[in-house]
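K.L.:
Sequence:
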Amino acid sequence: MVQFMAGLKGEGKTRKIIDMANQDAKVTDGHLVFIDDDKRHIFDLHRDIRFVEAGKGELATYREFVGFVMGILSQNSDIKHVYVDGLTNILAADALNNDTLPKLKARLDTISKVDNVDFTMSIHCEPSSLPDEIKAALV
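The sequence shown: position 74 = 124 (the working numbering), numbered continuously.
Calculated directly from the structure, the hints in this document are not laboratory data. One thing to keep in mind: the hints can contain errors.
Quick list of simulated restraints, FRET-style, between CB atoms [what the hints assert, rightly or not]:
{"id": "1", "residue 1": "174", "residue 2": "89", "range": "15 to 25 Å"}
{"id": "2", "residue 1": "105", "residue 2": "125", "range": "12 to 22 Å"}
{"id": "3", "residue 1": "97", "residue 2": "183", "range": "10 to 20 Å"}
As a list, the in silico PhoX-like pairs of lysine-lysine whose alpha-carbon atoms are at most 25 Å apart [claimed, not checked]:
{"id": "4", "residue 1": "59", "residue 2": "130"}
{"id": "5", "residue 1": "66", "residue 2": "76"}
{"id": "6", "residue 1": "76", "residue 2": "106"}
{"id": "7", "residue 1": "106", "residue 2": "153"}
In this text, a Cβ means the ideal position worked out from N, Cα and C, and glycines have one as well.
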């Protein structure tokens, strides 16, 4: 399953995704990964959640992001959920748009089915501006 949270700055996306990850950490039988563009929220996460700092804008395309995620998944076959806060900050400014976002979702859907891992990602944008297949995956 691939889910998205969308909204503008200050709408509480980060708090919501952190709360979701922490709640999941209490009940999951596998490992959780939280990817963020900086370490500001590292101490807000449950100690059992693996934190990965991806940096700001260092990944040039959605394909690089998929490779980054696959590298993380290859290190541990017990990962059950990957949370990504601020996907629009992690990728280069022009890497994520209404053409590439459905492609990213499709690729992550495939990974989700093959590796039995779920994805929840927050993106900074107006939800009404998203393509229909992404709107259907909004939390």
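K.L.:
Please verify whether residue 59 and residue 130 have alpha carbons no more than 25 Å apart.
P.N.:
Roughly 28 Å between the alpha carbons, so the hint for residue 59 and residue 130 is violated.
K.L.:
Do the alpha carbons of residue 76 and residue 106 lie within 25 Å of each other, as the hint requires?
P.N.:
violated (29 Å)
K.L.:
Using the C-beta atoms of residue 105 and residue 125, is the stated range 12 to 22 Å upheld?
P.N.:
Check passed, 18 Å falls within 12 to 22 Å.
K.L.:
What's the verdict on residue 106 and residue 153, does the C-alpha distance respect the 25 Å limit or exceed it?
P.N.:
holds (21 Å)
K.L.:
Mind checking the hinted window 10 to 20 Å against the Cβ distance between residue 97 and residue 183?
P.N.:
violated (36 Å)
K.L.:
So if I understand the rule, the pair passes when the alpha-carbon distance is 25 Å or less; does residue 66 with residue 76 pass?
P.N.:
holds (16 Å)
K.L.:
Does the hinted range 15 to 25 Å hold for residue 174 and residue 89 at CB?
P.N.:
Hint holds: Cβ distance 19 Å, inside 15 to 25 Å.
Violated hints for the displayed structure, listed by number in ascending order: 3, 4, 6.
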